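Chains A and F, in that order, give the protein sequences.
Taking numbering that gives the first Met the number 0, the leading residue of the first sequence gets 0, the next gets one more, and so forth.
Taking numbering that gives the first Met the number 0, the leading residue of the second sequence gets 0, the next gets one more, and so forth.
Heads up, some of the hints might be wrong.
As the list claims (entries may be wrong) - Estimated spans, in silico, between C-beta atoms of each pair: (1) Glu112/A - Ala26/F: 25 to 35 Å; (2) Ile177/F - Asn14/A: 25 to 35 Å; (3) Tyr240/F - Arg54/A: 54 to 64 Å; (4) Ile33/F - Lys183/A: 32 to 42 Å; (5) Arg11/F - Lys183/A: 54 to 64 Å; (6) Phe14/F - Thr113/A: 35 to 45 Å; (7) Asn14/A - Ile268/F: 52 to 62 Å; (8) Lys292/F - Val216/A: 16 to 26 Å; (9) Ala37/A - Ala2/F: 29 to 39 Å; (10) Arg291/F - Asp220/A: 36 to 46 Å; (11) Asn203/A - Ile3/F: 44 to 54 Å; (12) Ala26/F - Asp170/A: 36 to 46 Å; (13) Ile213/F - Glu112/A: 17 to 27 Å.
Unchecked claim - Simulated pairs of lysine-lysine, DSBU-like, Cα-Cα distance not exceeding 30 Å: (14) Lys74/A - Lys15/F; (15) Lys15/F - Lys81/A; (16) Lys292/F - Lys57/A; (17) Lys93/F - Lys111/A; (18) Lys292/F - Lys81/A; (19) Lys118/A - Lys15/F; (20) Lys15/F - Lys129/A; (21) Lys292/F - Lys77/A; (22) Lys292/F - Lys90/A; (23) Lys130/F - Lys94/A; (24) Lys1/F - Lys118/A; (25) Lys57/A - Lys121/A; (26) Lys1/F - Lys90/A; (27) Lys1/F - Lys74/A; (28) Lys15/F - Lys69/A; (29) Lys136/F - Lys77/A; (30) Lys74/A - Lys292/F; (31) Lys77/A - Lys192/F; (32) Lys53/F - Lys47/A; (33) Lys121/A - Lys192/F; (34) Lys94/A - Lys15/F.
Read the hints as simulated data drawn from the structure, not as lab findings.
From a predicted model like this one, the values you see are computed outputs, not experimental measurements.
Just so you know, even glycine gets a beta-carbon here, dropped at the ideal spot from N, CA and C.
The residues making up each chain are set out below.
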Amino acid sequence: MNLIEVVNCYKTYNNGVTAVADLNLEIEKGEFVFVIGASGSGKSTLIKMLYREERPSKGKVIVGGINVAKLRNSKVYKLRRKLGIVFQDFKLLPKLTVYENVAFALESLGMKETEIRPKVLKALDSVGLKEKIRSFPNQLSGGEQQRVCIARAIVNDPKLLICDEPTGNLDPKISKEIVDILDKINKKSGTTIIMATHDKEIVNKMKKRVILLENGVLAEDNMKGSYKAHESN
Amino acid sequence: MKAIRILGRAIRDSFKSVFRNFSLSTAAIVCSSITLILVSVAMILSYNVENITKNLEHELTIVVYLNKETTEEQMNELKSSLENMENVDSYEYKSKDEWRLEMKNSSETLNSTLEYLEENPLLDSFIVRVKDVEHLKETSQEILKNDFVSSADYGEGMTENLISAFKVIEKVTIIVVIALILVTAFLISNTIKLTIFSRRNEIEIMRLVGASNISIRLPFIFEGLILGFLGGLIPVIFTIYGYVLLYDHFNGYVFSQLIELVEPFNFTIYISMILLGMGCIIGMFGSYRAVRKYLKI
Numbered sequence: 000m001n002l003i004e005v006v007n008c009y010k011t012y013n014n015g016v017t018a019v020a021d022l023n024l025e026i027e028k029g030e031f032v033f034v035i036g037a038s039g040s041g042k043s044t045l046i047k048m049l050y051r052e053e054r055p056s057k058g059k060v061i062v063g064g065i066n067v068a069k070l071r072n073s074k075v076y077k078l079r080r081k082l083g084i085v086f087q088d089f090k091l092l093p094k095l096t097v098y099e100n101v102a103f104a105l106e107s108l109g110m111k112e113t114e115i116r117p118k119v120l121k122a123l124d125s126v127g128l129k130e131k132i133r134s135f136p137n138q139l140s141g142g143e144q145q146r147v148c149i150a151r152a153i154v155n156d157p158k159l160l161i162c163d164e165p166t167g168n169l170d171p172k173i174s175k176e177i178v179d180i181l182d183k184i185n186k187k188s189g190t191t192i193i194m195a196t197h198d199k200e201i202v203n204k205m206k207k208r209v210i211l212l213e214n215g216v217l218a219e220d221n222m223k224g225s226y227k228a229h230e231s232n
Numbered sequence: 000m001k002a003i004r005i006l007g008r009a010i011r012d013s014f015k016s017v018f019r020n021f022s023l024s025t026a027a028i029v030c031s032s033i034t035l036i037l038v039s040v041a042m043i044l045s046y047n048v049e050n051i052t053k054n055l056e057h058e059l060t061i062v063v064y065l066n067k068e069t070t071e072e073q074m075n076e077l078k079s080s081l082e083n084m085e086n087v088d089s090y091e092y093k094s095k096d097e098w099r100l101e102m103k104n105s106s107e108t109l110n111s112t113l114e115y116l117e118e119n120p121l122l123d124s125f126i127v128r129v130k131d132v133e134h135l136k137e138t139s140q141e142i143l144k145n146d147f148v149s150s151a152d153y154g155e156g157m158t159e160n161l162i163s164a165f166k167v168i169e170k171v172t173i174i175v176v177i178a179l180i181l182v183t184a185f186l187i188s189n190t191i192k193l194t195i196f197s198r199r200n201e202i203e204i205m206r207l208v209g210a211s212n213i214s215i216r217l218p219f220i221f222e223g224l225i226l227g228f229l230g231g232l233i234p235v236i237f238t239i240y241g242y243v244l245l246y247d248h249f250n251g252y253v254f255s256q257l258i259e260l261v262e263p264f265n266f267t268i269y270i271s272m273i274l275l276g277m278g279c280i281i282g283m284f285g286s287y288r289a290v291r292k293y294l295k296i
């Protein structure tokens, strides 16, 4: 069953730039997909449309049964609660502790404290940060902050995890750790993962489905793709 | 149940955030305090001026002297016509003997003069208080229409001039109070807006992790309420202690017995409630406005 369907999707910004043109995509439940492409290829726009930070100008983007194009601003939270998002710049709340950052998303759902605590501890345990629950984000390294961000993204058991260049700010060793964590989540709980990245090594090593965007157009969709094939481009 | 939990968390988070953003909170509280103190001073001044004017107006009366031959019937006629007059607030009868007694007590010379006279030369009278001092003249003329009325005097001169001067001051202070309230509302709500502006990332992140608009907005609104309330506390202390000190210092009167200050209680309590209410409402409104700007609705 398809978790994501992109049908004849166009995105043109107000300044006239077309970031995505006639894109068609299907992503099944449980897949691990890399989205690659040069800067300005439209991969960020695609990712942003998936969590409805951007709205397609034309066509359909359906995520978990919700047509993103028709979703009103005031209802966006309904989509976002079904997915987890991991950002390049982590986007943690600086005044909240690690525990509070992860618990925050559940609290705004009105969940009981007795339900929240085990979920948060489980999520932090799965990224190996159980001992740091009382730290504030600025007391953590970049890799640790990204792990908090992942814990926050998976705490509500989302069907889909969207990662927008999660390793962009991290060194190769830490990047590998982060991708291993994502891979583990994918295999263990069957969470679909879409990851936009520039990291050749990771893409080549993981041997997952690779979607290549060029100038907003789908250039290649390879089930066992690698970065090497595109290096000449 | 869910709504109560969300509300409870909003209150908890707002307190946390006030403490964790300590310097910004302090700035907002100090700014609110200073402006509210100004409002408090203006309100105290305005209310006192109003009170003084009222007291002065109360002092102003029409003294109606009756002719010597006035009969009981005519007196009753005057009473009922006074009762029917719109501008008449109250009246009291003062007989010539009462006048005589009062005059005797007031000075030795008058005492001996009056002793000398066998018959009381004074006239029976009515002392009339009016509702509106502006129409004093018309009222006295109307009373004079009764032919058994000898005269209807009122203090033409000093007191009236004083009253009209105070009326102008009263109007000016009311305008100042209103202007200050507007300026304060703008200043406080802007300061609180700035403290939230510095945290627009937080709002963006809350949106990204799927918080609904209401659960993002509530803690900020409570935060505005807390900041406004704390900003109102210092002016409240200033108002109560400051005014009581001032009142005691002057023994309740400024310059003369004519200018009487309003008693501190419950006057300062009312002012305090207004200050706190203003702080809370403006604080809440300021943060509501600020969050609205960063929420895509």
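Now the hints, each set against the structure:
1. In this structure, Glu112/A and Ala26/F meet the distance hint of 25 to 35 Å, their C-beta atoms being roughly 33 Å apart.
2. For Ile177/F and Asn14/A, the Cβ-Cβ distance of about 47 Å falls outside the hinted range of 25 to 35 Å, so the restraint is violated.
3. Taking 54 to 64 Å as the suggested C-beta distance range, the pair Tyr240/F and Arg54/A conforms, at roughly 58 Å.
4. In this structure the hint that Ile33/F and Lys183/A lie 32 to 42 Å apart at CB is violated, the actual value being about 57 Å.
5. Taking the beta carbon of each, Arg11/F and Lys183/A are about 34 Å apart, not inside 54 to 64 Å as hinted.
6. In this structure the hint that Phe14/F and Thr113/A lie 35 to 45 Å apart at CB is violated, the actual value being about 22 Å.
7. Look at Asn14/A against Ile268/F: about 60 Å separates their beta carbons, and that is inside 52 to 62 Å.
8. A C-beta distance of roughly 37 Å is found between Lys292/F and Val216/A, which places it outside the suggested range of 16 to 26 Å.
9. Judged by the Cβ atoms, the range 29 to 39 Å given for Ala37/A and Ala2/F is violated: they are separated by roughly 48 Å.
10. In this structure the supplied range 36 to 46 Å holds for Arg291/F paired with Asp220/A, their Cβ-Cβ distance being about 42 Å.
11. In this structure the hint that Asn203/A and Ile3/F lie 44 to 54 Å apart at CB holds, the actual value being about 52 Å.
12. The given range of 36 to 46 Å is respected by Ala26/F and Asp170/A, whose C-beta atoms sit roughly 39 Å from each other.
13. Between Ile213/F and Glu112/A the beta carbons are some 20 Å apart, a value that agrees with the proposed interval 17 to 27 Å.
14. In summary, the hint linking Lys74/A to Lys15/F is supported, as the alpha carbons are separated by about 28 Å, within the 30 Å threshold.
15. At roughly 28 Å between alpha-carbon atoms, Lys15/F and Lys81/A fall within 30 Å of each other, so this suggested pair holds.
16. The suggested pairing of Lys292/F with Lys57/A holds, with an alpha-carbon distance near 28 Å, which does not exceed 30 Å.
17. Straight-line distance between C-alpha atoms of Lys93/F and Lys111/A comes to about 79 Å, which puts the hinted pair past the 30 Å bound.
18. Restraint check for Lys292/F and Lys81/A: the C-alpha separation of about 26 Å stays at or below 30 Å, so the hint holds.
19. Using a Cα cut-off of 30 Å, the hinted pair Lys118/A and Lys15/F holds, with the two alpha carbons roughly 23 Å apart.
20. For the suggested pair Lys15/F and Lys129/A, the alpha carbons sit about 23 Å apart, so the restraint of at most 30 Å is met.
21. For the proposed pair Lys292/F and Lys77/A, the alpha carbon gap of about 21 Å is at most 30 Å, so the pair holds.
22. Distance hint between Lys292/F and Lys90/A is fulfilled; the C-alpha atoms sit about 20 Å from each other, no more than 30 Å.
23. Proximity of Lys130/F to Lys94/A is assessed by CA-CA distance (about 62 Å); at most 30 Å being required, the pair is judged violated.
24. A threshold of 30 Å between alpha carbons decides the hint, and for Lys1/F with Lys118/A the separation of about 18 Å falls inside it, so the pair holds.
25. Restraint check for Lys57/A and Lys121/A: the C-alpha separation of about 40 Å exceeds 30 Å, so the hint is violated.
26. Only pairs whose Cα atoms come within 30 Å are accepted, and Lys1/F paired with Lys90/A is accepted, the gap being roughly 27 Å.
27. Restraint check: the Cα-Cα separation between Lys1/F and Lys74/A comes to about 18 Å, which is no more than 30 Å; the hinted pair holds.
28. For a cut-off of 30 Å, the pair hint linking Lys15/F to Lys69/A is broken: about 37 Å separates their Cα positions.
29. Restraint check for Lys136/F and Lys77/A: not satisfied, since their Cα atoms lie roughly 74 Å apart, outside the 30 Å limit.
30. The straight-line distance between the Cα atoms of Lys74/A and Lys292/F is roughly 17 Å, inside the 30 Å bound, and the hint therefore holds.
31. For the hint pairing Lys77/A with Lys192/F, the CA-to-CA distance comes to about 28 Å; that is within 30 Å, so the pair holds.
32. The hinted pair formed by Lys53/F and Lys47/A fails the criterion: a straight-line CA distance of about 69 Å is larger than 30 Å.
33. A distance of roughly 38 Å separates the Cα atoms of Lys121/A and Lys192/F; the hinted pair therefore is violated under the 30 Å criterion.
34. For a cut-off of 30 Å, the pair hint linking Lys94/A to Lys15/F stands: about 9 Å separates their Cα positions.
The structure does not agree with the numbered hints 2, 4, 5, 6, 8, 9, 17, 23, 25, 28, 29, 32, 33 stated previously, though it agrees with the rest.
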